[in-house]
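*Asks:* One line per chain: the protein sequences are A and B, in this order.
Residues in the first sequence are numbered from 1 upward in steps of one, following the numbering used here.
Residues in the second sequence are numbered from 239 upward in steps of one, following the numbering used here.
Keep in mind the hints are simulated off the structure, nothing from the lab.
Be careful, since some hints might not be right.
Have a look at the derived ranges for each label pair, beta carbon to beta carbon [what the hints assert, rightly or not]:
# : chain 1 : residue 1 : chain 2 : residue 2 : range
1 : A       : 43        : B       : 307       : 46 to 56 Å
2 : A       : 16        : B       : 292       : 13 to 23 Å
3 : A       : 2         : B       : 266       : 35 to 45 Å
4 : B       : 402       : A       : 211       : 46 to 56 Å
5 : A       : 196       : B       : 295       : 38 to 48 Å
6 : B       : 313       : A       : 223       : 37 to 47 Å
7 : B       : 308       : A       : 91        : 22 to 32 Å
8 : A       : 179       : B       : 433       : 37 to 47 Å
9 : B       : 308       : A       : 187       : 50 to 60 Å
Sample of chain B residues lacking proximity to chain A, with all beta carbon distances greater than 10 Å (derived) [to be verified]:
#  : residue
10 : 403
11 : 417
12 : 430
13 : 448
14 : 463
Sample of chain A residues at the chain B side, in silico, Cβ under 8 Å [claimed, not checked]:
#  : residue
15 : 21
16 : 103
17 : 105
18 : 113
19 : 127
20 : 128
21 : 129
22 : 132
23 : 136
24 : 139
25 : 146
26 : 148
27 : 153
28 : 219
29 : 221
Cβ coordinates follow ideal geometry from the N, Cα and C atoms, glycine included.
What follows is the residue order along each chain.
Protein chains: 2
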Amino acid sequence: MRGTLYGIGVGPGDPELLTVKAVNILQRVPWIAAPQAAATGSGLALSIVRPYLAADRRILELPLPMTADPVRLAASWQHAAGLIMDHLARGEDVALITLGDPTLYSTYLYLHQFIAQQGYAAQIIPGVPAMCAVAARTGVGLAVNQETLAVVPATGILASQLAAILEWADNVVLLKPSMANLGAIEQLLMERNLVRRTVMVNRCGQPEERIHQGFDSKILAGWDYFTTILIKNSGGTP
Amino acid sequence: MRGTLYGIGVGPGDPELLTVKAVNILQRVPWIAAPQAAATGSGLALSIVRPYLAADRRILELPLPMTADPVRLAASWQHAAGLIMDHLARGEDVALITLGDPTLYSTYLYLHQFIAQQGYAAQIIPGVPAMCAVAARTGVGLAVNQETLAVVPATGILASQLAAILEWADNVVLLKPSMANLGAIEQLLMERNLVRRTVMVNRCGQPEERIHQGFDSKILAGWDYFTTILIKNSGGTP
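Start from the sequences and build out the full structure, keeping to the hints where you can.
*Replies:* And the structure:
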């Protein structure tokens, strides 16, 4: 009898935002797999689930290089998949933890599809996405009624692309801001009178959480990867 | 000491997808408020939380008319807010349950903002959105890497509007399909060769769950409100 892989979304940071299903699986499986990559917050994911783990729970650390090179990435994910499949083949279940929800901007998806293709049972356990926690924390609706919502990774997005999205989307969630285009995005939001209809949150639900009403590229420059920006393009202010 | 209003997202249907925080609050507060409106699934929300409620938990039913008339809707929400504030004023906490996540297409937001404006403490507890559960169930990524995601209420959307969104969005989630435009949407997806890159799920995680690979307006016509459609406009197939 082969083991099952569970890809578990652990939510954005508050351990209480794990689902009951996630907790039940984490307390049942012999192996917890955690990708080791600074930018994707493996240490953070482990700290979120720690309150629920027995002291003797075994952690399977999956080394992943910090690289955008698709060939090296694919090789490292296949290596990680091999480590997981070693346990599955012995009949041991493995729960891989991933921040937020596994189907929204998680590299777990690649691992999931690769291992499923090898014939192993693999299940995704959905989690609370960061954007929902940010909206809840700030009392802002992501979308109501007939409103549309655009979710946009801000790394590398051009202000012209964002302008095109604002032609169409009632609400915009910008994820993972990088430095290069912050100034142009700020300029665009000023031109559209959207600065005051924006709220930015860093590390929502974590002890070091920071919230800023408005868009401010200087403040953003000091915030890390775990940042979500909500823009109310039509309707209410955040 | 006044009570606090909690707006709790109970997830899409599986009681195990409640968060630990939601369960803790539901087991602690004296009053569970449930909007009574067939289309928004009050009976469903109550059935999801039922396993966690003590037998003597008091249910506050909030009557809401089935109407799109904004004046009547506003009046009914203000009446419901009054019922809730009666308890808050007596120092009793109230937990209002809402399907999925409270910040995504929930009318709770209006109630939340109204009651907060009256000076009461109100907290939103985020939940797992239906779209994340649907993506998890079908093994599909909502968005990976630099992909964008558009979330679009399908009620009343025109095929021309969807065509404009497909010019831009890598992934599209269509919610709440209504009958009027299904044929035109199907025609559009056929023209774009997107029918086979679509998956539709009804009542995800509930006993009567149904999944269909592809877009099929005839099947959709027989499915109710609790339907989510994922379209992979670029990248992998669902």
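*Asks:* None of the hints should be skipped; say for each whether it holds.
*Replies:* How the hints compare with the structure:
For the pair residue 43(A) and residue 307(B), the supplied restraint of 46 to 56 Å holds, since their beta-carbon distance comes to about 52 Å. Residue 16(A) and residue 292(B) have their C-beta atoms about 20 Å apart, which keeps the hinted 13 to 23 Å range intact. Distance hint check: the CB atoms of residue 2(A) and residue 266(B) are about 41 Å apart, consistent with the given range 35 to 45 Å. Roughly 33 Å separates the CB atoms of residue 402(B) and residue 211(A), a value that falls outside the hinted 46 to 56 Å.
At about 42 Å, the beta-carbon gap between residue 196(A) and residue 295(B) stays in the expected band of 38 to 48 Å. The hinted range of 37 to 47 Å is satisfied by residue 313(B) and residue 223(A), whose Cβ atoms lie roughly 43 Å apart. With their beta carbons about 58 Å apart, residue 308(B) and residue 91(A) fall outside the hinted range of 22 to 32 Å. Distance hint check: the CB atoms of residue 179(A) and residue 433(B) are about 41 Å apart, consistent with the given range 37 to 47 Å.
A beta carbon spacing of about 36 Å between residue 308(B) and residue 187(A) contradicts the range 50 to 60 Å that was offered as a hint. Distance check for residue 403(B) against chain A: the nearest CB is about 7 Å away, which does not clear 10 Å, and the non-interface claim fails. Look at residue 417(B): its CB is around 16 Å from the nearest CB on chain A, clear of 10 Å, so calling it non-interface holds up. Every C-beta of chain A lies more than 10 Å from that of residue 430(B), the closest at about 17 Å, which supports listing it as non-interface.
Residue-level check passed: residue 448(B) sits 18 Å from the nearest beta carbon of chain A, beyond 10 Å. At the 10 Å boundary, the C-beta of residue 463(B) stays outside the reach of chain A, the nearest C-beta of that chain being 14 Å off. At its closest, the beta carbon of residue 21(A) sits 4 Å from a beta carbon of chain B; the interface hint therefore holds under the 8 Å criterion. The restraint placing residue 103(A) at the interface with chain B holds, with a minimum CB-CB distance near 4 Å, inside the 8 Å limit.
Because the beta carbon of residue 105(A) sits about 6 Å from the nearest beta carbon in chain B, less than 8 Å, this interface hint is met. The beta carbon of residue 113(A) comes within 7 Å of a beta carbon in chain B, closer than 8 Å, and the hint placing it at the interface holds. Nearest Cβ of chain B to the Cβ of residue 127(A): about 7 Å, under the 8 Å cut. The hint holds. Taking 8 Å as the C-beta contact cut-off toward chain B, the hint placing residue 128(A) at the interface holds, the least distance being around 5 Å.
Interface restraint check: residue 129(A) against chain B, minimum CB-CB distance 6 Å, threshold 8 Å, status holds. Because the closest C-beta pair between residue 132(A) and chain B is about 4 Å apart, less than 8 Å, the hint holds. Because the smallest distance between the Cβ of residue 136(A) and any Cβ of chain B comes to about 4 Å, under 8 Å, the interface hint for this residue holds. Restraint check, residue 139(A) versus chain B: the minimum CB separation of about 7 Å is within 8 Å; hint holds.
Residue-level restraint check for residue 146(A) holds (minimum Cβ-Cβ distance to chain B is 5 Å; threshold 8 Å). Given the 8 Å rule on beta carbons, the hint for residue 148(A) holds: about 5 Å separates it from the nearest Cβ of chain B. Below 8 Å, beta-carbon pairs count as interface contacts, and residue 153(A) has one with chain B at about 5 Å; its hint therefore holds. Below 8 Å, beta-carbon pairs count as interface contacts, and residue 219(A) has none with chain B, the closest being about 23 Å; its hint is therefore violated.
Checking residue 221(A) against chain B by beta carbon gives a least distance of about 21 Å; that is not within 8 Å, so the hint is violated.
Comparing the model with each earlier hint shows violations of hints 4, 7, 9, 10, 28 and 29; every other hint is respected.
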